[in-house]
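If you read the protein sequences in the order shown, they are chains A and B.
Count the first sequence with the working numbering and you get residues 1 to 264, in order.
Count the second sequence with the working numbering and you get residues 265 to 397, in order.
Hints in this document: simulated from the structure, not taken from any laboratory.
Quick caveat: nothing in here was measured; it's all calculated off a predicted structure.
Hints may be right or wrong, so weigh each one.
Simulated crosslink set (BS3-like; lysine-lysine; CA at most 27 Å straight-line) [said to hold, decoys possible]:
| # | chain 1 | residue 1 | chain 2 | residue 2 |
| --- | --- | --- | --- | --- |
| 1 | A | Lys66 | A | Lys128 |
| 2 | B | Lys301 | A | Lys23 |
| 3 | B | Lys301 | B | Lys334 |
| 4 | B | Lys334 | A | Lys23 |
| 5 | B | Lys342 | B | Lys353 |
| 6 | B | Lys288 | A | Lys49 |
| 7 | A | Lys66 | B | Lys301 |
| 8 | A | Lys23 | B | Lys288 |
| 9 | A | Lys19 | B | Lys301 |
| 10 | B | Lys390 | A | Lys23 |
| 11 | A | Lys19 | A | Lys66 |
| 12 | B | Lys288 | B | Lys353 |
| 13 | A | Lys19 | B | Lys390 |
| 14 | A | Lys49 | B | Lys353 |
| 15 | B | Lys301 | B | Lys342 |
| 16 | A | Lys23 | B | Lys342 |
| 17 | A | Lys66 | B | Lys390 |
| 18 | B | Lys353 | B | Lys334 |
| 19 | B | Lys301 | B | Lys288 |
| 20 | B | Lys390 | B | Lys353 |
| 21 | B | Lys334 | B | Lys288 |
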Amino acid sequence: MPLDDVTNTVDEYCNRLWKALHKLPGSERDEIVREVRGHILERVEAEPKVTEQVLTEILRAVGDPKELASEYEGYAALRQATHSRSPWVLLRATLRWAATSVVGVMAFLATVIGYGCGTVFFLSAFLKPMFPSRIGLWLAPQHTLCFGYWNGQVSGTVLYGISVRPPAFVLGTLGPTDGPVRELLGAWLSPVAVFCGVLCFLATSLVARWFIARFKPRRNGVRHSLTRCRTPILTTNTKRNPTTGHLAATPAKREWRNFLARWL
Amino acid sequence: MIHSMARYSASKPSSDLWEAQLRKGSLEMAILASLWKSNHYGLEILHALDGRSSLALAEGTLYLILNRLKNDGAVESKWVDAGTGHPRKYYWLTEEGRERLRAMTRFWIQFSADLNVLLEPVIARKERINAAR
């Protein structure tokens, strides 16, 4: 196979990879492509005779550019999410993660529910002045407490928002039920809703970031086992504080403390 | 290979999935171990792993893992002009990477020893069957 054709094929592969990595920062993107290109050329040089079939086999072994880029981007999204407070970044990262693992699904659900509740609180605060008799904190039959919108009917009551009917928790629609409903907060609703909304968003971001930092997917599962393991292997590493004589915090506790320290 | 095996389908036998998971879980340790003695570039690491068929992995995946290890501070890298017409990116273990590999190794030794104790009756039965033949 002529050298020009080899170079063109390798360049075409690298171009596809470079385009597929469009979500990564430019320098990181260049670095990855440069390294993969170097790898392909090394493999080509090591072959005694480069035919089209050999070259195709080398490129196949490196992997499909789109799949490779998707793995790089998935990891980059999680890495970015551990330093981000943006709900959008955290939602996207956990959604991507949810496609690959059960822990990811849990993290995504927790994030959706948390931000969902925050959104209900903010919407309630915003809509209260427009629908003062329909938005509120409602005490409904069967010990149901609902923060959100009431359809205004005593018979066939439907509540939209965050509802708690012990032991159930509902984010969405609850009803229809029969019986009177009573509003509990009145004019206090807006400030309380804003406060709860802010709290929900902050707490959800905090939990999502901790989830990602603690359980983010790795090629190796040993690290997490190490932090949870209680066998003597780890106790050989256990250190004591020279002043207090107390045992040093476990890696998981240290991680959590550092994490809180960054936020508070 | 690992890369494609990890993308398993529900139709695969569970033993295959188990093998894939086990390999996947050990790759990071294998890559760190391949850098224990000296600095290597990607293809050299791949050759070190390829020599042991159970550790073979998709070539693109290797760079993803190295990238991740670098971000975690376990390895460092540097471009070196090797006189081949294109530079090579050499990797080496940082002190943190060495400590991490030591911890992994300690865990692995304990883990495999515990598992071997449990597997003893299975191994002994297999040996008895072989002896009977």
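Hints versus structure:
1. For the hint linking Lys66/A to Lys128/A, the alpha-carbon distance of about 48 Å lies beyond 27 Å, and the restraint is violated.
2. The straight-line distance between the Cα atoms of Lys301/B and Lys23/A is roughly 36 Å, outside the 27 Å bound, and the hint therefore fails.
3. A distance of roughly 18 Å separates the Cα atoms of Lys301/B and Lys334/B; the hinted pair therefore holds under the 27 Å criterion.
4. Annotation: proposed proximity of Lys334/B to Lys23/A holds, straight-line Cα distance about 20 Å (limit 27 Å).
5. About 5 Å separates the Cα atoms of Lys342/B and Lys353/B, which keeps this hinted pair within 27 Å; it holds.
6. For the given pair, Lys288/B sits about 33 Å from Lys49/A by alpha-carbon distance, which is inconsistent with the 27 Å threshold.
7. For the proposed pair Lys66/A and Lys301/B, the alpha carbon gap of about 34 Å is over 27 Å, so the pair is violated.
8. For the given pair, Lys23/A sits about 26 Å from Lys288/B by alpha-carbon distance, which is consistent with the 27 Å threshold.
9. The suggested pairing of Lys19/A with Lys301/B is violated, with an alpha-carbon distance near 37 Å, which exceeds 27 Å.
10. Between Lys390/B and Lys23/A, the direct Cα distance comes to roughly 53 Å. Violation of the 27 Å bound is thereby established for this hinted pair.
11. Taken as a hint, the Lys19/A and Lys66/A pair is honoured in the structure, with Cα atoms around 9 Å apart against an allowance of 27 Å.
12. Simply put, Lys288/B and Lys353/B have alpha-carbon atoms about 24 Å apart, close enough for the 27 Å limit, and the pair holds.
13. Pair hint Lys19/A plus Lys390/B does not hold up; C-alpha atoms about 54 Å apart against a cutoff of 27 Å.
14. Of the pairs offered as hints, the one joining Lys49/A and Lys353/B holds, with about 25 Å between alpha carbons and a cut-off of 27 Å not exceeded.
15. A threshold of 27 Å between alpha carbons decides the hint, and for Lys301/B with Lys342/B the separation of about 17 Å falls inside it, so the pair holds.
16. Using a Cα cut-off of 27 Å, the hinted pair Lys23/A and Lys342/B holds, with the two alpha carbons roughly 24 Å apart.
17. Between Lys66/A and Lys390/B the CA atoms are separated by roughly 46 Å; this puts the pair beyond 27 Å, and the hint is violated.
18. This hinted pair checks out: Lys353/B and Lys334/B have alpha carbons roughly 12 Å apart, not beyond 27 Å.
19. Pair hint Lys301/B plus Lys288/B holds up; C-alpha atoms about 23 Å apart against a cutoff of 27 Å.
20. Restraint check for Lys390/B and Lys353/B: not satisfied, since their Cα atoms lie roughly 47 Å apart, outside the 27 Å limit.
21. A C-alpha spacing of about 18 Å is found between Lys334/B and Lys288/B, which places the hinted pair at or below 27 Å, so the restraint holds.
In terms of the numbered hints stated before, the structure departs from hints 1, 2, 6, 7, 9, 10, 13, 17 and 20, listed from lowest to highest.
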